[in-house]
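Colleague: Numbering (my numbering), first residue to last: 338 to 706.
Treat each hint with caution, since some may be false.
[What the hints assert, rightly or not] The calculated DMTMM-like cross-link candidates involving lysine to aspartate or glutamate, where the alpha carbons are at most 20 Å apart (straight line), are: (1) K350 with E412; (2) K391 with E412; (3) K353 with D397; (4) K352 with D405; (5) K400 with D376; (6) K424 with D397; (7) K548 with E412; (8) K424 with E502; (9) K588 with D498; (10) K436 with D449; (11) K548 with D574; (12) K615 with E647; (13) K476 with D449; (14) K373 with D498; (15) K650 with D598; (16) K382 with D365; (17) K352 with D393; (18) K372 with D409; (19) K617 with D598; (20) K476 with E445; (21) K400 with E412; (22) K353 with D498; (23) K611 with E647; (24) K341 with D503; (25) K372 with E386; (26) K424 with D405; (27) K368 with D348; (28) K588 with E610.
[Stated by the list, open to error] Label pairs and their in silico Cβ distance ranges: (29) I488 with K588: 39 to 45 Å; (30) D545 with P501: 55 to 61 Å; (31) D545 with V662: 23 to 29 Å; (32) N672 with E497: 35 to 41 Å; (33) A570 with D397: 50 to 56 Å; (34) G479 with D579: 20 to 26 Å; (35) Q398 with T609: 37 to 43 Å.
The set of hints was computed from the structure by calculation and includes no laboratory data.
For every residue, glycine included, the Cβ atom is placed at its ideal position computed from N, Cα and C.
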Amino acid sequence: MSLKTDAFYSDLKSKKIAVIGLGVSHTDLVKVFLKKGLDVTLCDKRTMEELNDKLDFPHDQLKFELGDGYLDQIENFDVIFRTPGMKFYTPQLVNAMKKGCVVTSEMECFFDLCPCKKIAVTGSDGKTTTTTLISEMLKKQGYTVHLGGNIGKALLPLVEDFQPEDFAVVELSSFQLISMRSSPEIAVVTNLAPNHLDMHKDMQEYIDAKKNIFLHQNAFSRTVLNRDNRITAEFADSTRGDTWFFSRSQKVERGTFLDEDGNLCLNLNGNTEKLFHKEKIRIPGMHNVENYLAAIAAVSGYVKPEIMREVAKQFGGVEHRIEFVREIHGVKWYNDSIATSPTRAIAGLLSFNRPIIMLAGGYDKKIPF
Numbered sequence: 338m339s340l341k342t343d344a345f346y347s348d349l350k351s352k353k354i355a356v357i358g359l360g361v362s363h364t365d366l367v368k369v370f371l372k373k374g375l376d377v378t379l380c381d382k383r384t385m386e387e388l389n390d391k392l393d394f395p396h397d398q399l400k401f402e403l404g405d406g407y408l409d410q411i412e413n414f415d416v417i418f419r420t421p422g423m424k425f426y427t428p429q430l431v432n433a434m435k436k437g438c439v440v441t442s443e444m445e446c447f448f449d450l451c452p453c454k455k456i457a458v459t460g461s462d463g464k465t466t467t468t469t470l471i472s473e474m475l476k477k478q479g480y481t482v483h484l485g486g487n488i489g490k491a492l493l494p495l496v497e498d499f500q501p502e503d504f505a506v507v508e509l510s511s512f513q514l515i516s517m518r519s520s521p522e523i524a525v526v527t528n529l530a531p532n533h534l535d536m537h538k539d540m541q542e543y544i545d546a547k548k549n550i551f552l553h554q555n556a557f558s559r560t561v562l563n564r565d566n567r568i569t570a571e572f573a574d575s576t577r578g579d580t581w582f583f584s585r586s587q588k589v590e591r592g593t594f595l596d597e598d599g600n601l602c603l604n605l606n607g608n609t610e611k612l613f614h615k616e617k618i619r620i621p622g623m624h625n626v627e628n629y630l631a632a633i634a635a636v637s638g639y640v641k642p643e644i645m646r647e648v649a650k651q652f653g654g655v656e657h658r659i660e661f662v663r664e665i666h667g668v669k670w671y672n673d674s675i676a677t678s679p680t681r682a683i684a685g686l687l688s689f690n691r692p693i694i695m696l697a698g699g700y701d702k703k704i705p706f
């Protein structure tokens with residue numbers, strides 16, 4: 338255990354801790370807190386009967402605040418671990434902060450304790466694929482990679498085993514970023530378009546939350562931005578470290594771009610290197626070309642071009658993202674259920690060059706169509 342991690346758990350031993358929500362990441366968090374002998378209370382809107390299937394670990398020492406009034410006592414805790422799906426400005430949390438409670442999250446604490454280089458990806462679309470591509474490239478290069486955030490698993494419970502030469506690759510949502518006060522060594526913003534306006538006060542709050550991914554970087558950090566997206570291109574005025582761009586429509590001075598012949602290229606210090614043609618990418622769609630451009634800009638200097646080419650040929654995509662299901666009577670069925678915003682749906686539809694029948698439904702998240 339590192340001195341920082343040791344001090345973290347030592348400090349928590351004297352605190353009353355509330356963990357809000359027993360989701361995937363918080364399940365592992367509660368487990369490790371109990372193992373460390375900490376005073377932990379689970380606050381969850383569900384009843385004990387509804388939670389029983391989730392409590393498949395020793396929990397004799399775990400306390401509970403459940404049901405409709407699960408936040409009624411939240412002001413009585415010293416440290417509160419907020420679930421990412423809860424609005425940061427929930428009245429009970431605001432009141433707790435006014436009374437001196439520390440409201441934090443698993444990811445915020447992980448960033449404070451992580452001993453290795455962190456690469457984080459955010460954006461409205463393409464986050465998961467780009468994060469996965471970065472992870473795959475680094476692993477094929479021989480690095481030990483810890484994948485987490487919105488995908489993978491909770492990393493805070495595992496941070497004691499991380500080595501300085503490892504990489505932590507995380508996908509971060511606006512819900513996680515809104516309260517972040519530290520940034521990764523390498524930050525990637527895939528794009529920005531209206532999304533999650535049912536969870537944010539307005540579009541500006543959504544944008545400001547995303548900016549937290551790079552606002553706390555230093556001069557030795559790297560920020561990778563989408564040059565073709567107006568909002569992310571303007572982020573360059575606020576970056577702290579080395580700014581890289583990726584673009585499918587124009588050559589960039591520092592970063593990656595798609596040339597007129599369809600080659601993915603890396604341009605550094607006036608030297609342009611052709612990496613591979615877009616037709617070498619196994620997963621379909623121009624949006625996935627953008628995902629590759631972003632991922633390559635993130636790992637450049639750590640991963641060799643031949644490894645990038647190998648991943649492009651072999652990587653078959655991520656579940657629920659233009660995922661081929663089966664062919665019936667000459668009709669191919671695809672699952673693109675991750676397309677929960679207009680920009681995602683449009684990108685998926687543009688991936689095909691044959692007639693399409695789209696089955697759609699769901700909730701609009703207060704996004705303009």
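Colleague: Next step is simple, just say for each hint if it's right about the structure.
Modeller: Okay, the hints, checked on the actual structure:
1. For the hint linking K350 to E412, the alpha-carbon distance of about 18 Å falls within 20 Å, and the restraint holds.
2. Taking the CA atoms of K391 and E412, the gap is near 26 Å; set against the 20 Å cutoff, the hint is violated.
3. Simply put, K353 and D397 have alpha-carbon atoms about 17 Å apart, close enough for the 20 Å limit, and the pair holds.
4. Distance check on the hinted pair: K352 and D405 sit about 25 Å apart at the alpha-carbon level, beyond 20 Å; violated.
5. The hinted pair formed by K400 and D376 meets the criterion: a straight-line CA distance of about 8 Å does not exceed 20 Å.
6. For the suggested pair K424 and D397, the alpha carbons sit about 30 Å apart, so the restraint of at most 20 Å is broken.
7. Simply put, K548 and E412 have alpha-carbon atoms about 29 Å apart, too far for the 20 Å limit, and the pair is violated.
8. For the suggested pair K424 and E502, the alpha carbons sit about 35 Å apart, so the restraint of at most 20 Å is broken.
9. Distance check on the hinted pair: K588 and D498 sit about 41 Å apart at the alpha-carbon level, beyond 20 Å; violated.
10. Annotation: proposed proximity of K436 to D449 is violated, straight-line Cα distance about 24 Å (limit 20 Å).
11. The hinted pair formed by K548 and D574 meets the criterion: a straight-line CA distance of about 11 Å does not exceed 20 Å.
12. Between K615 and E647 the alpha-carbon distance is near 13 Å, which keeps this suggested pair within the 20 Å criterion.
13. At most 20 Å may separate the alpha-carbon atoms for a hinted pair to count; K476 and D449 exceed this at roughly 24 Å.
14. Restraint check for K373 and D498: satisfied, since their Cα atoms lie roughly 15 Å apart, inside the 20 Å limit.
15. At roughly 19 Å between alpha-carbon atoms, K650 and D598 fall within 20 Å of each other, so this suggested pair holds.
16. As the CA atoms of K382 and D365 are separated by approximately 19 Å, the hinted pair is consistent with the 20 Å bound.
17. Between K352 and D393 the alpha-carbon distance is near 25 Å, which puts this suggested pair outside the 20 Å criterion.
18. Between K372 and D409 the alpha-carbon distance is near 27 Å, which puts this suggested pair outside the 20 Å criterion.
19. Pair hint K617 plus D598 holds up; C-alpha atoms about 13 Å apart against a cutoff of 20 Å.
20. Between the alpha carbons of K476 and E445 the distance comes to roughly 25 Å, so the proposed pair goes past 20 Å and is violated.
21. For the hint linking K400 to E412, the alpha-carbon distance of about 16 Å falls within 20 Å, and the restraint holds.
22. Annotation: proposed proximity of K353 to D498 is violated, straight-line Cα distance about 26 Å (limit 20 Å).
23. For the hint pairing K611 with E647, the CA-to-CA distance comes to about 15 Å; that is within 20 Å, so the pair holds.
24. Proximity of K341 to D503 is assessed by CA-CA distance (about 17 Å); at most 20 Å being required, the pair is judged to hold.
25. At roughly 24 Å between alpha-carbon atoms, K372 and E386 are farther apart than 20 Å, so this suggested pair is violated.
26. Our distance criterion of 20 Å between C-alpha atoms is met by K424 and D405, whose separation comes to about 17 Å.
27. Our distance criterion of 20 Å between C-alpha atoms is met by K368 and D348, whose separation comes to about 18 Å.
28. Straight-line distance between C-alpha atoms of K588 and E610 comes to about 12 Å, which keeps the hinted pair within the 20 Å bound.
29. For I488 and K588, the hinted distance range of 39 to 45 Å is not satisfied, since their beta carbons lie about 32 Å from each other.
30. Between D545 and P501 the CB atoms are about 32 Å apart, so this pair departs from the stated range of 55 to 61 Å.
31. At about 38 Å, the CB distance of D545 to V662 disagrees with the hint of 23 to 29 Å.
32. For the pair N672 and E497, the beta carbons lie near 38 Å from each other, so the given range of 35 to 41 Å is met.
33. Distance hint check for A570 and D397: the Cβ-Cβ separation is about 54 Å, which falls inside the suggested range of 50 to 56 Å.
34. For G479 and D579, the hinted distance range of 20 to 26 Å is satisfied, since their beta carbons lie about 24 Å from each other.
35. The supplied range of 37 to 43 Å is broken by Q398 and T609, whose beta-carbon atoms lie about 60 Å from each other.
Taken one by one, the earlier hints fail for this structure at numbers 2, 4, 6, 7, 8, 9, 10, 13, 17, 18, 20, 22, 25, 29, 30, 31, 35, listed in ascending order.
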